[in-house]
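Visitor: Just so you know, the protein sequences line up as chains A and B, in that order. Final position of the first sequence in the working numbering is 362; the numbers increase by one with none missing. Final position of the second sequence in the working numbering is 234; the numbers increase by one with none missing.
I should point out that these hints are in silico values taken from the structure, not numbers from a laboratory. Only a predicted model underlies this, so the values are computations on that prediction, with no experimental measurement involved. Heads up, none of these hints are tricks.
To list a few chain B residues with every Cβ distance to chain A over 12 Å, as calculated:
id: 1; residue: 1
id: 2; residue: 174
id: 3; residue: 215
Far from chain A by the CB rule (all over 10 Å, computed), these chain B residues:
id: 4; residue: 36
id: 5; residue: 165
id: 6; residue: 169
id: 7; residue: 211
id: 8; residue: 225
Covered by chain B, according to a simulated footprint, are these stretches of chain A (three or more residues, beta-carbon under 8 Å):
id: 9; stretch: 224 to 233
id: 10; stretch: 236 to 250
All residues carry an ideal CB built from backbone N, CA and C; glycine is no exception.
In case you want the letters, here they are:
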Amino acid sequence: MTEAATVDARPVRRAARITPVSIFLWALRIAALAIILYGSYLSISSGRLSAAQWRDLFVFGISTGSVYALIALGYTMVYGVLRFINFAHGEVFMVGAMMAFYVANALATTTLWTSSPVVSLLIVLVAAMATSTSVAVIVERIAYRPLRGAPRLIPLITSIGASFTIQYLVRGLVGPSTKAFPRMEQLRGTTEILGVVILKSQVVVIVAALVMMAGLYLFVERTRTGKSMRAVSEDPETAALMGIDVDRTIVKVFAIGGAMAGVAGALWGLVFPSLNFFSGFLPGIKAFTSAVLGGIGNIVGAMLGGVSLGIFESVGPSLVLAGYEIPAFSQLKDVVAYAALVLVLIFRPTGILGERLAQERT
Amino acid sequence: MLQVTDLDVFYGDAQALWGASVTVGSGEVVSIVGSNGAGKSTLVNAIMGILRPRRGRIVLDDQDVTETPGHRMCRAGVAIVPEGRRLFPSMSVEDNLDLGAFNRVARAHYEESLQWVHTLFPRLADRRSQLAGSLSGGEQQMLAIGRGLMARPRLLLMDEPSLGLAPVVVDEVFDVIETVRDEGVSVLLVEQNAQMALDVSSRAYLLAEGRVVMDGTAEELAKSREVRDSVLGL
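Isolated chain A (complex conformation) (with noise of 0.2 Å):
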């Protein structure tokens, strides 16, 4: 009886299951992914770029994006514990560069930047961090921690302020103009690792940058504090009565967000070497969005999203621009990064990684 029942539930529930929006929704990703294939096969077939100017844009997209994928980890960890976004985490970003900018500056003068060019960037990579970190905890202490338990649109809006308060504080400490960052000798020019020529300081942001994330990740899956980050970002209240001390555990949160900030500051530095107060803006929407595009609240997805976030940006204005003959297609390649969140989002709304959000806790 009971499965006659179930059987014949069935279609009538599929059938009402087709709706006009998700007939649309289908329409739009098939036409979205036609559009995409037939620009790479127009610009892939007219030959433009050789295959090693190809494999050149995917090494930057990585470089970028695992720059993005270190800012973005502070994005979808603070979102984790609290569930808003920190829309002052690309100032803690920028404040990271910043101090790595003056400290690199102070460096290039001595012998030791020549010398010891491992020791010097150990030096400004340990400086960035510290300042961001201490900027993240400072901002979690005065701007967010009065505010826990206020509506979450209230934290969201307080860090739009605590953004501007930074980026103007810096500006008057520093003044508005924009500054250079040292070249360093032994990171100019190219090298090769497995038959493939790169930049060697794209090599030393995609290293530290794997460094970071893989030491991150083993911490937060291995150690006791990572283990009471997961269960405060899955259930505070009942992490609360496990004796974990949720207050500590949110600074800690932000302190290690903070802290991969600013080595994403340092490594910037490396690869676009201009900087001025309101450095940490892109950089801080384009983490964001890699955040959201990997599945928000997700630590691996987040690093996903960064780099393929980088991805699409470098290569997708050649490979689908391109194609269509767009002037001035490498202009679009913020265009380009949005059209891919979108994208995805059409085809999987939590993002890559994102399954959790679906059963957001209330």
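Using the hints provided, position chain B relative to the given structure of chain A.
Guide: Quick look at chain B alone, frame taken from chain A:
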């Protein structure tokens, strides 16, 4: 062991408990029975430090814990099996148990406690690397109890442990409560299933509209007209 005196608890301006007094002795199972909305969970949450009482005292072995926040209570020796289990569903069974032993005191006895919980619930040992959210309802309840025991509590608060479980599993849960008591852990049990709760308890309190309206031995309450009318529905 636990002494709650004259507790008034409010949710904003709405009073949920009026002068509630409850005691739990060492090695004893005490149940709080009452219908839906009588204030049973409020009482548990106040003891656990999630809600701050406006008046009254909560004393645990001579130590005043009235103002102690939730994350300190387990160090004081009180663990909770929350209503609706509240496991960490996307973490493994082992991680859930591990989080139960998060405080420093419990940490020192981690291996021992894990052995103990695995002996009490062999199924949790079999499923240690499975995600908590993929367990059956009964297994999840066992895991919630196991997680509570990992804190090595002297007092275990259990909020509606039989809620939403099949009758066979409910029997199992109540067997476990007796085992836990025999292991020397005091239990404060909050239950809507008054019949079963009174069967395993030595003493009980009847809560109605935020007040303790009756207390006594479990047999007295089981026979009383008040309990039969308000909870057992006989």
